[in-house]
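Peer 1: Sequence:
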Amino acid sequence: MNRYVFNETVLLSQSDGIWSGSLAYSPDPTSSLMFFMNGQLLSQGASDDYTLSGSNIEMSNEVRVTLEDKFFATYRR
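Mind the numbering: the sequence shown is residues 852 to 928 in the numbering used here, read in order.
By construction, these hints were calculated from the structure, which means they are not laboratory data. Predicted model only: the values in this text are computed from it and were never measured. Any given hint might turn out to be false.
Calculated lysine to any residue pairs in the SDA-like style (CA-CA distance at most 25 Å, straight line) [to be verified]:
#  : residue 1 : residue 2
1  : Lys921    : Leu892
2  : Lys921    : Ser894
3  : Lys921    : Glu909
4  : Lys921    : Gln891
5  : Lys921    : Met888
6  : Lys921    : Ala897
7  : Lys921    : Leu893
8  : Lys921    : Tyr855
9  : Lys921    : Asp879
10 : Lys921    : Phe887
11 : Lys921    : Gly896
12 : Lys921    : Thr881
Using the sequences provided together with the hints, build the complete structure.
Peer 2: The structure is reproduced here in structure tokens:
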């Protein structure tokens, strides 16, 4: 049985200059994750916008994050 999570709000926080946050569930498969910043779809990967480990998301240093930014995720769990 496939279960989907639609438009989950993801709260990011900064620690030691790194922005990160957690999803409610681990995406399964990980490729099902669609992660959005202010409505723009971001790319997953070590040399892209963010990385995913289980349910934890870590933003790339190349992506400029502010406290006003809004993050949402849609994925299969």
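Peer 1: Against which earlier hints does the structure fall short, listed by number upward?
Peer 2: none
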